[in-house]
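Put chain X on the given structure of chain H with help from the hints.
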Amino acid sequence: LAKTTQPISMDSYEGQEVNITCSHNNIATNDYITWYQQFPSQGPRFIIQGYKTKVTNEVASLFIPADRKSSTLSLPRVSLSDTAVYYCLVVKGNTDKLIFGTGTRLQVFP
Amino acid sequence: DTGVSQNPRHKITKRGQNVTFRCDPISEHNRLYWYRQTLGQGPEFLTYFQNEAQLEKSRLLSDRFSAERPKGSFSTLEIQRTEQGDSAMYLCASSPLGQGPNTGELFFGEGSRLTVL
Numbered sequence: 007l008a009k010t011t012q013p014i015s016m017d018s019y020e021g022q023e024v025n026i027t028c029s030h031n032n033i034a035t036n037d038y039i040t041w042y043q044q045f046p047s048q049g050p051r052f053i054i055q056g057y058k059t060k061v062t063n064e065v066a067s068l069f070i071p072a073d074r075k076s077s078t079l080s081l082p083r084v085s086l087s088d089t090a091v092y093y094c095l096v097v098k099g100n101t102d103k104l105i106f107g108t109g110t111r112l113q114v115f116p
Numbered sequence: 672d673t674g675v676s677q678n679p680r681h682k683i684t685k686r687g688q689n690v691t692f693r694c695d696p697i698s699e700h701n702r703l704y705w706y707r708q709t710l711g712q713g714p715e716f717l718t719y720f721q722n723e724a725q726l727e728k729s730r731l732l733s734d735r736f737s738a739e740r741p742k743g744s745f746s747t748l749e750i751q752r753t754e755q756g757d758s759a760m761y762l763c764a765s766s767p768l769g770q771g772p773n774t775g776e777l778f779f780g781e782g783s784r785l786t787v788l
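Chains H and X are the protein sequences, given in the same order. The first sequence begins at 7 in this note's numbering and counts up one residue at a time. The second sequence begins at 672 in this note's numbering and counts up one residue at a time.
Treat the hints with care, as some may be off.
Derived pair list, reagent style DMTMM-like, types lysine to aspartate or glutamate, alpha-carbon separation capped at 25 angstroms [to be verified]:
id : chain 1 : residue 1 : chain 2 : residue 2
1  : H       : LYS98     : X       : GLU715
2  : X       : LYS742    : H       : ASP102
3  : H       : LYS75     : X       : GLU715
4  : H       : LYS98     : X       : GLU727
5  : X       : LYS728    : H       : ASP102
6  : X       : LYS685    : X       : GLU749
7  : H       : LYS98     : X       : GLU723
8  : X       : LYS682    : X       : GLU699
Chain H stretches covered by chain X per the calculated footprint, using a threshold of three residues with CB under 8 angstroms from any CB of chain X [stated by the list, open to error]:
id : segment
9  : 25 to 35
10 : 44 to 57
Simulated from the structure, these hints should not be mistaken for laboratory data. These numbers come from a predicted model, not from an experiment. Quick reminder that beta carbons are idealized off the backbone N, C-alpha and C, glycines included.
In isolation and in its complexed conformation, chain H is listed as follows:
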């Protein structure tokens, strides 16, 4: 499975846009990029998944350049409730399980 590298932690303030970049240099042709969010004492929650270019939903946007060696999760206008750990995962097209790294701990301040 492709190894991912993402910042250990990030700080932001309410109302700002937050961009979390993830590196996955060894991504394979049939791999997908998936992001999960986890609040303290809760299980992870799926945010967004993409293969290439840009994907947007009601929660976030995911930007994937043409070489797919990195991706950026963009959270618009964060609030205190976005304080959480965000996991970037590269998921093989034929896999049946997720392998998590240590994630990025986002702290949003008032």
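Just chain X, lined up with the frame of chain H:
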């Protein structure tokens, strides 16, 4: 609430005791996963079922750990002769048949926190 349900939410036990956790997945989901998470780390895969068949087990799942899903619905994870190193959050997740991590998403429960004294 029709999400993934885990019980108990918290369990404190003494070293050497056996503990059992239960997971009730979302009703139409055929796949069920168990993960373990320690403080500051991401969830670690333990095992997964498709219906009642256990299809994969991690090397992390020692002989003291056993998971079952007897009727393809709820699942149990038993830890025998607990050790302090077993203290962690045990997470269960489910997904529908035909969808997995690459085509859909895993739905996680809130976890069962185990403390071994």
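Next item on the list: Could you grab the alpha-carbon distance between LYS742/X and ASP102/H and see if it respects the 25 angstroms cut-off?
Entry: Holds - the C-alpha atoms of ASP102/H and LYS742/X are around 21 angstroms apart, at most 25 angstroms.
Next item on the list: Compare the distance between the alpha carbons of LYS98/H and GLU727/X with 25 angstroms, and conclude whether the hinted pair is satisfied.
Entry: holds (16 angstroms)
Check: Between LYS75/H and GLU715/X, does the CA-CA distance stay at or below 25 angstroms?
Finding: With Cα atoms ~24 angstroms apart, LYS75/H and GLU715/X stay inside 25 angstroms; holds.
Check: Has the segment 25 to 35 of chain H got at least three residues whose CB is nearer than 8 angstroms to a CB belonging to chain X?
Finding: violated (count 0)
Next item on the list: Verify the proposed pairing of LYS728/X with ASP102/H, using a straight-line Cα cut of 25 angstroms.
Entry: Holds: LYS728/X and ASP102/H sit about 12 angstroms apart, inside 25 angstroms.
Next item on the list: Mind checking the alpha carbons of LYS98/H and GLU723/X for me, to see if they're no more than 25 angstroms apart?
Entry: holds (24 angstroms)
Check: Between LYS682/X and GLU699/X, does the CA-CA distance stay at or below 25 angstroms?
Finding: With a Cα-Cα distance of about 28 angstroms, the restraint between LYS682/X and GLU699/X is violated, given a limit of 25 angstroms.
Next item on the list: State whether the coverage of the segment 44 to 57 of chain H by chain X holds or is violated, taking the criterion as 3 or more residues with Cβ-Cβ distances under 8 angstroms.
Entry: holds (count 7)
Next item on the list: Please work out if LYS685/X and GLU749/X have their alpha carbons no farther apart than 25 angstroms.
Entry: holds (15 angstroms)
Check: Holds or violated: are the alpha carbons of LYS98/H and GLU715/X at most 25 angstroms from each other?
Finding: OK: LYS98/H and GLU715/X at ~17 angstroms, within 25 angstroms.
Checked against the numbered hints above, the structure violates hints 8, 9; every other hint is satisfied.
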